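The chain contents come next:
There are 6 protein chains.
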Amino acid sequence: MASNQLGIVRRNIVRADKAAVEKLSRFGVATVHEAMGRVGLMQTYMRPIYAGAHLCGTAVTVLMHPGDNWMMHVAAEQVRPGDVVVAAVTSESTDGFFGDLLATSFRARGAKGLIIDAGVRDVKDLTAMQFPVFSKAISAKGTIKATLGSVNVPVICAGALVNPGDVILADDDGVVVIPAANARQASDAAEARENNEADKRTKLAAGVLGLDMYKMREGLERAGLKYVD
Amino acid sequence: MASNQLGIVRRNIVRADKAAVEKLSRFGVATVHEAMGRVGLMQTYMRPIYAGAHLCGTAVTVLMHPGDNWMMHVAAEQVRPGDVVVAAVTSESTDGFFGDLLATSFRARGAKGLIIDAGVRDVKDLTAMQFPVFSKAISAKGTIKATLGSVNVPVICAGALVNPGDVILADDDGVVVIPAANARQASDAAEARENNEADKRTKLAAGVLGLDMYKMREGLERAGLKYVD
Amino acid sequence: MASNQLGIVRRNIVRADKAAVEKLSRFGVATVHEAMGRVGLMQTYMRPIYAGAHLCGTAVTVLMHPGDNWMMHVAAEQVRPGDVVVAAVTSESTDGFFGDLLATSFRARGAKGLIIDAGVRDVKDLTAMQFPVFSKAISAKGTIKATLGSVNVPVICAGALVNPGDVILADDDGVVVIPAANARQASDAAEARENNEADKRTKLAAGVLGLDMYKMREGLERAGLKYVD
Amino acid sequence: MASNQLGIVRRNIVRADKAAVEKLSRFGVATVHEAMGRVGLMQTYMRPIYAGAHLCGTAVTVLMHPGDNWMMHVAAEQVRPGDVVVAAVTSESTDGFFGDLLATSFRARGAKGLIIDAGVRDVKDLTAMQFPVFSKAISAKGTIKATLGSVNVPVICAGALVNPGDVILADDDGVVVIPAANARQASDAAEARENNEADKRTKLAAGVLGLDMYKMREGLERAGLKYVD
Amino acid sequence: MASNQLGIVRRNIVRADKAAVEKLSRFGVATVHEAMGRVGLMQTYMRPIYAGAHLCGTAVTVLMHPGDNWMMHVAAEQVRPGDVVVAAVTSESTDGFFGDLLATSFRARGAKGLIIDAGVRDVKDLTAMQFPVFSKAISAKGTIKATLGSVNVPVICAGALVNPGDVILADDDGVVVIPAANARQASDAAEARENNEADKRTKLAAGVLGLDMYKMREGLERAGLKYVD
Amino acid sequence: MASNQLGIVRRNIVRADKAAVEKLSRFGVATVHEAMGRVGLMQTYMRPIYAGAHLCGTAVTVLMHPGDNWMMHVAAEQVRPGDVVVAAVTSESTDGFFGDLLATSFRARGAKGLIIDAGVRDVKDLTAMQFPVFSKAISAKGTIKATLGSVNVPVICAGALVNPGDVILADDDGVVVIPAANARQASDAAEARENNEADKRTKLAAGVLGLDMYKMREGLERAGLKYVD
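Chains as they are written, first to last, in this note's numbering: chain H, 35 to 263; chain V, 35 to 263; chain R, 35 to 263; chain Z, 35 to 263; chain B, 35 to 263; chain G, 35 to 263.
Simulated from the structure, these hints should not be mistaken for laboratory data.
In this text, all values refer to a predicted model and were calculated from it rather than measured experimentally.
Keep in mind that a hint or two might mislead.
No distinction is drawn between identical chains; accordingly, a pair holds when it is met within one copy or between any pair of copies.
Using 30 Å as the maximum straight-line C-alpha spacing, the simulated DSS-like pairs for lysine-lysine come out as follows [claimed, not checked]:
#1 237 - 260
#2 234 - 179
#3 237 - 57
#4 260 - 249
#5 249 - 237
#6 158 - 179
Here chain H stands alone, though its shape is the one from the complex (with noise of 0.2 Å):
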């Protein structure tokens, strides 16, 4: 299915692995992007809405137009436990697309959170509700309910390219998508990464340098590095 597509809701969707998103849920954005090849990291202008939030699932996707929100509310009904919704916009677009009643709504369903390329509001309430979204924007003006969009289509959301079902990992430093497939092989690779972290964080505490830890001078010397007084 081409990505963007619009008027079309799919309701069979292949969701990653469970324990596969299980154990992605306890490691960092930053060291499973890492753990990938350093892909599918989402534009940087994308922030948590309070300080802490973080979240884990398997995406739904929305497409909708600027200032139309009514996609939302379909999208709703695709939601199962443990999914986030990823919403994506055809141009740019700061307007509230989501507020509480809609946080109350996806939560009953069973969504672990948000993600959008555009913007959110009743900020304060969410952060009470403790309901992680992760946004471009935050704003009081409301949408319309005027245009189809798509639901359960591959989007591009702020920069990166989602399908549904693909893992979703959000925190403080970003959010990052996993292909549904490479899911299990991912959550390995950043068990493996953490595993070798926790070592080097005991040497540099110590007082040892990355220069030696990491045998960097030689390389250093070779590419011309001059140390003067």
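Please build the complex by placing chains V, R, Z, B and G on the supplied structure of chain H, with the hints as guidance.
Just chains V, R, Z, B and G, lined up with the frame of chain H:
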């Protein structure tokens, strides 16, 4: 009086009705903005300098030149208890036009807070004072006192027209301007809207879908929405 | 030594006087910036990664290429207790050049914090460590180690010239650079300014107007300010 | 009439005096803006879609929702020869609200051009038609026709208040709004300013310094300027 | 093949049908984008480096790291006559990844032009060569050749998904991506739309209003539009 | 002399060697920037006000406050034939600090053009005069003459350090600063680079691939690049 006129201080302004201001202060910016028909919102770059800042009051407006805060001191004298100072600049500036000394003076006059389409400083002190400020930027860069602006003329602040005496409501979702003449009507409409939302929230929390609650299914079908498997 | 020179590490730098650094650390960025005659401020996009972050120390500078943090490890060896690492990039980049491992290493060497005209990651860990960082962006995107930059050459960081050994002071209001040779004088001027402010604050809190306290009325009248009713 | 009111078309507006408009059209935006006391300028992101575009006429205003250009067609009917359409949007949008078909229609009604705080498309055709447009963006993204806005209400366009009938002057330097009531006075002031400049230009071209021509030396010395070798 | 995969060059790609590409090249970006249902447009910051630049061809995609253009040389070998190189970067970069030498090489291979979500340089030479480039930035800053990216994997370029072989159409209005499988249908739809527009243009030029031609009056009245005097 | 010092005019500055300046003027910014080791480039937002603008000369620097161009007149007196005025502002500003009158004066003094990290106006006249200007913005907004800045102190302009007397080279690709002491060496390196490019261009035009000409195939293979079908 034309907007953005320079060199003038208007001493007598008509402030919005006190009861209406008090009533408006009980609602959020998103609710009031919707209740007014989605007009009067400032641009989304206006952000609180600390989480949870909120204010509601009547506007005393200030128009300044970039890098020059002379008129802030003129404005202080025009502030009455319950006012909010709304500061505009004749061209883009991120300098720090306002800090803890001016905040001390404004508070002594009874000001509820500041809305400024420019920068402020002494953010730590302002936070400790819990003096709410919504601004475009934070900057330690000070300003000079060399050129006349105006106080209590109509100004354009962050894309919104503000007349002296208008009601200014600001919270985590942004800043909205309610013309003085509309204050009572807007507060009633906001109250009606708020009452209406409580019931919806309960239903959505119980798992009722917006699709059904708002009776959207027929409209979506008529618009051509297709469900696929 | 010219600014932005590549492939060089200077080992011996002249750090600002310790007593002056200590004295400067007691003042805010806005105060010191004013005391210096309003020069040396970094651009306003430099923000703390957590509320309340602040630091004061002597600069160890690093110049890197976009997407390449090799020189951060070279810089770690040059850090002495009380230093602040100031990192510049040869062209715009928002990648995450720095995370909790480097922070652990820098802290082990005695670093007070980091100023970086690019992105950082592991923000949750850095916050837990209370390791102050002021950056342009937050990004989970990692970097490579392939190209030489320099350590302890003059750099332009966020619009400010930083020479190795200069004092760096950063708080909620921004980041200011005090040339090493001016540190003592700047700290004295800041102290004088601070003392002067306490008295003003008391008067303003008592309701005295800045118009009177600063004797502005005559100047405003001469400039042509008109009061109307 | 309040600014930004929705669902209204005002048919009878008071256009600025024709002779004043004609006279203003002979001056540049910078000259007129200075002559008016430096107020009424739109923000600097408003740019001509082709080099050399310029226009002068009386405003027919349009207020639209993001992504919805329905009211452009309503506005066309209100255009009279000599008018300039000034289009504002209720929140930020870069979509293409206007293209060669609407330009053909506007021109047939006598419009002098378009000022739009959003995007336009068919730039190649508009350039071939020499139909002057000043916009925030260029975008091939089309719009829908679903929601009411207004025609001939006061609007905020790119940071400037525009009342129907005001004079709009635009050239390479930007866009300025001259309130209808001030048109004659502004045109006289611009003429005086322009006459004054010719003489200055001759002197400066002959090598006379502004320091001497404007008698600045004494003021600079008094301010403390120091010449060093 | 997953998008954004690193270290891979796909040699055999399925290019869109030649006749469809040729037919699409006769239409503007706005027309084709409308004909496709308003999807596939790149973001509006993608601009031609000289006025009047336009191109139409089949995509050879390149994925690079910020500041590293090694893969451009790998891409050159994969270019066939009629191709357009579409270059994406793994994180934001404005460096100059492309100049007149690469343009000479690409043209020798038959390339029609370049679309790049980053910077280019040698703009004067590229203009003299009339080699069309649409980019995010212009920058003299050169790049290194140190890290692998990929050629002919799916990429996200300026917010649009591009698969190798897709049709890329670019002109003054922006850049649109037509999936290879849709090329014929899109070209037919564009032709139908274009034919339809000629008739409309004639009517509008004769003074017929869109209100009447599109039969909008009834809908506007039903929506509640009010005419006042 | 510290950078950004206020209230000072240095009359005697050491300008770069005339022959080196003349030689540098024959090369493009990209070539010289590469020849210098990729340092000294201003940020990419600095753009020529008309296509094809280019300049090369020795810097007379000006430091001003936002919205205040008083020092431009002071700078005019310090200009000698062959100089380029480089103007920096103590904080961000887009106002029009410069127009056709100052250009007339600067040209009468022998100035080659202007580089300004702020706005300019009278663009039509400047273009007619073919007076090259590279700026951050275009704005009709005028400035005041109230506060001292400096002339011929080191300044940071658009992210680059400029010392009085340095060579400034600007064309469509941007603006580069060549320290006076490096001018001769940079001009020689640029010449060598340019000579080297002519041969490469011929080979690439004949269809030779960069992969072969630069012998990249082995390095790519070693790095792990995989070709797939």
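Verification of the hints:
Proximity of residue 237 to residue 260 under the C-alpha cut-off of 30 Å is restricted to the intra-copy arrangement: shortest distance 26 Å within a copy versus 36 Å between copies. Taking identical chains as interchangeable, the C-alpha atoms of residue 234 and residue 179 lie at most 30 Å apart only when they sit on different chains, with a minimum of 17 Å there against 53 Å within one chain. Taking identical chains as interchangeable, the C-alpha atoms of residue 237 and residue 57 lie at most 30 Å apart only when both belong to the same chain, with a minimum of 27 Å there against 34 Å between chains. Both within a single protomer and between protomers do residue 260 and residue 249 lie at most 30 Å apart by alpha-carbon distance, with minima of 17 Å and 28 Å respectively.
In the homo-oligomer, the alpha carbons of residue 249 and residue 237 lie at most 30 Å apart inside one protomer (14 Å), although the nearest pairing across protomers, at 41 Å, exceeds that limit. When the C-alpha separation of residue 158 and residue 179 is checked against a cutoff of 30 Å, the pair qualifies only within one copy, where the shortest distance is 24 Å, while the shortest distance between copies is 34 Å.
Comparing the model with each earlier hint shows no violations; every hint is respected.
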